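**Q** Taken in order, these protein sequences are the chains called A and B. All letters in the first sequence, in the order written, are residues 2 to 321 by the working numbering. All letters in the second sequence, in the order written, are residues 2 to 321 by the working numbering.
Rather than coming from a laboratory, the hints here were simulated on the basis of the structure. What you were told as hints is all true, and nothing was included just to trick you.
Copies of one chain are not kept apart here, so a pair can be met inside one copy or by any two copies together.
DSBU-like cross-link-like pairs, simulated, lysine-lysine; straight-line CA separation at most 35 angstroms:
(1) K282 x K176
(2) K211 x K176
(3) K176 x K237
(4) K205 x K278
(5) K237 x K278
(6) K77 x K278
(7) K77 x K281
(8) K282 x K37
(9) K43 x K13
(10) K281 x K37
(11) K127 x K237
(12) K226 x K281
(13) K176 x K37
(14) K282 x K77
(15) K314 x K37
(16) K281 x K237
(17) K281 x K176
(18) K127 x K314
(19) K314 x K77
All figures in this text were calculated on a predicted structure; none of them were measured in a lab.
Number of protein chains: 2
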Amino acid sequence: MRLLAIDLGGTKLAAATFTEHGVVSTRDSVLLNGRKGRQVGKLITDLVTEQLSFAEQQAEPVVAIAVSVPGISNVKNNMVWAPNIPEWEAYPLLREIEAVGGGIPVTIESDRSCYILGEVWQGAAKGCQDAIYLSVGTGIGAGILAGGQILRGANDIAGAIGWLALRPPYQDRYKNHGHFEYYTSGEGIVRLCRELLHARPDYKGVLRSKDPSVLSTQKVFAAFKADDEIAVQVFKQCVEYWGMAVANLVSLFNPEKIIMGGGVFGPAIPLIPEIYKEAKKWGQPISTDLFVLAGSALGADAGLYGAGYAALKNFQRIQH
Amino acid sequence: MRLLAIDLGGTKLAAATFTEHGVVSTRDSVLLNGRKGRQVGKLITDLVTEQLSFAEQQAEPVVAIAVSVPGISNVKNNMVWAPNIPEWEAYPLLREIEAVGGGIPVTIESDRSCYILGEVWQGAAKGCQDAIYLSVGTGIGAGILAGGQILRGANDIAGAIGWLALRPPYQDRYKNHGHFEYYTSGEGIVRLCRELLHARPDYKGVLRSKDPSVLSTQKVFAAFKADDEIAVQVFKQCVEYWGMAVANLVSLFNPEKIIMGGGVFGPAIPLIPEIYKEAKKWGQPISTDLFVLAGSALGADAGLYGAGYAALKNFQRIQH
Chain A
2 MRLLAIDLGG TKLAAATFTE HGVVSTRDSV LLNGRKGRQV GKLITDLVTE QLSFAEQQAE
62 PVVAIAVSVP GISNVKNNMV WAPNIPEWEA YPLLREIEAV GGGIPVTIES DRSCYILGEV
122 WQGAAKGCQD AIYLSVGTGI GAGILAGGQI LRGANDIAGA IGWLALRPPY QDRYKNHGHF
182 EYYTSGEGIV RLCRELLHAR PDYKGVLRSK DPSVLSTQKV FAAFKADDEI AVQVFKQCVE
242 YWGMAVANLV SLFNPEKIIM GGGVFGPAIP LIPEIYKEAK KWGQPISTDL FVLAGSALGA
302 DAGLYGAGYA ALKNFQRIQH
Chain B
2 MRLLAIDLGG TKLAAATFTE HGVVSTRDSV LLNGRKGRQV GKLITDLVTE QLSFAEQQAE
62 PVVAIAVSVP GISNVKNNMV WAPNIPEWEA YPLLREIEAV GGGIPVTIES DRSCYILGEV
122 WQGAAKGCQD AIYLSVGTGI GAGILAGGQI LRGANDIAGA IGWLALRPPY QDRYKNHGHF
182 EYYTSGEGIV RLCRELLHAR PDYKGVLRSK DPSVLSTQKV FAAFKADDEI AVQVFKQCVE
242 YWGMAVANLV SLFNPEKIIM GGGVFGPAIP LIPEIYKEAK KWGQPISTDL FVLAGSALGA
302 DAGLYGAGYA ALKNFQRIQH
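Work out the full structure: start from the sequences and follow the hints.
**A** Pasting the structure below:
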C-alpha cells in the first residue's frame, strides 16, 4: 500500500508517495508559475491522476490521499481558504480531488497542522501525543497536536499564534499581523530593525542605508553573525518574545515537545537554547521542566510528511 | 439512573446526584474542618457510601461517580495532587472510592476541567464543543474543552494560564505565581494596588492605611465602586491583562465561548464588556468576531455540575 501526500505551497506543488512506515517511495514537484483559481486545482488533480496510475502500475495501489494547504481547510463545508493563491477564498479542492480519486479517501489539512503531523510521524517529535510546531516564516502559525488529535477550534482557525498579545498597550500598527508576528516573523525582524535604527540616529553600521527598502531578514541575520550592535538588539528582543510565546504554549498545553520551524528557523536555530532559557523564566515550572524545545528535523519537507501521516491516520480511522 | 457528583474544595465537600438530563435530585455538603490526608479521603468515601445507599433505596441507582478535585488528577497513575489539602501530594483517591463503589465507574477530574464541563452541560456554554472557563480566584486556571474533549496535556497540567507572560521583562517576583496571576488574581489585585499606592505617595484616599496588611480584594472592589482613583487604575490594568489573556485564548483555540468565573467574577462581572473590547483589539480578527465572552451561569456550582457531566460522559463512553 502507498499513501499519496501533496504539499501545496504559495509557489510550488510537491507530491510524494509514502509507505505506511513513512518511507518515501516516489517524489515529484512542479512550480505554480503564476497559476490561479481552477488552474491550481487542475494542476493538483492532474498530479493525483498521474500518481495514482503510476502506483497502480507498480502494483502498490494508493489507499489514501492527503493535501497540505497554505491556509485553512474548513472541515464543515469542505472548502479551502488560501490567502496566497489567487481566487482560493472558498475553493472546493476536496470535491475536485474526489472526482478523480476513484473512491480513495481524501483529506485536506492546513499546512501548520501538517507540519506537526510530519514531525510527530518521522521528525523531531516522533511518537508524541502532545506536541506543537511553531512556524516562523513570512507569517507565524502553530500546528497543535493535543492528546493525539489536531486542535482545530470551532472554525478551523486554531493556532493563530501570530496574534499573541505579549506587551501592552495595544498599538494600531499591530492590526494586520498581530503583535507577536508584527515583530518576530521574517518581515517582523525587518520592522523591528527599522524601529531600532530610527531610535538610534548615531548608529553608522552595516544596517544603515540611504534606501531603507533594501533591508532584509537575511541582512539582519548576516549583521547578527558579525556582532552588529543593532542586529544583536533585534534578536535579543526576538528571543524574549519567542521565549514568552513558547512559555505561554507550555503553560496552556503542557506539551512533550515544541518544534521551531519555518523560514526563520532556519538561521535562528542556534538561538533555541536562549529561547528555552527565556521560556523557563515565565512558564508553569513543572511543564517547563518536562518539555523539550527543538528545531524541525524535516525542514521544508514537514508539510509533505505531515500530509502522508494525515492520509495514514484517515485510512486507519476508516478501517476501524 | 442517577449520576453521583462530588466537588472537593479547599474547605468543604459538596455532593449531588443528577439525572442524566442535568437535573439535581439530591444535594449535600459538609465542611472539611481542618481534616487532612486520609481523613479527607474517609469523608469522601463515607459520603459516597451514604449517597449510593440512599439512591438504592429510592430505586434510582447511581450508574457513575465523578469527583472534582482542587488540583491535578493524574490519569496515568490515578493519583491526585491538591496543594490546599494537606498530605495530598499523590493521593490514591480513585482507588479508595472504587473500593466502596461496588463496581460503579469512577472518574476524577481537576476543578478547572469540571468548571467548563459544568457550563457546557447546563450553564453559559451549553452544547459547545470548543469552550474555555477562565477561573479567576485566589489563583488563576483555565478549563479547556477542544473538539468536545478536555485538554489535559502530557502530564495533566494543561490550562495553567496563571503563568501567561504578558509584559516583558521578566521579574523575579513573578516566580511563585506566574506573571498573569501575580497581578490579576484575587491576591494579585491587592498586590497591584500596593504597587500603585507605593508609586503615588500623594494619594490620601480610602485605600491608604497605616497598616497595609488590611488591604483586601473586597476593599479594592468597594473603592472601585466609589470611583477611587487608585482602584480605577487597578482595574484598568486588570482589564488590559484579562483582555490580552482572553485574546490569546481566542487566537490559539478559536473557541465558541469563553466563560469568566471564579471568586473575582463575581464582582468583576460588570467589567466583561470592557474585557471583550480589549480582547477584540489583540485577537485573531475572525476568531474574535465569532466568539462570545460571558460570565459563569453556574457560579459556585460549576464544579458540581461538571463532575455530574464527567460522570455521564464516562458512563456513555463505557456503554459504547
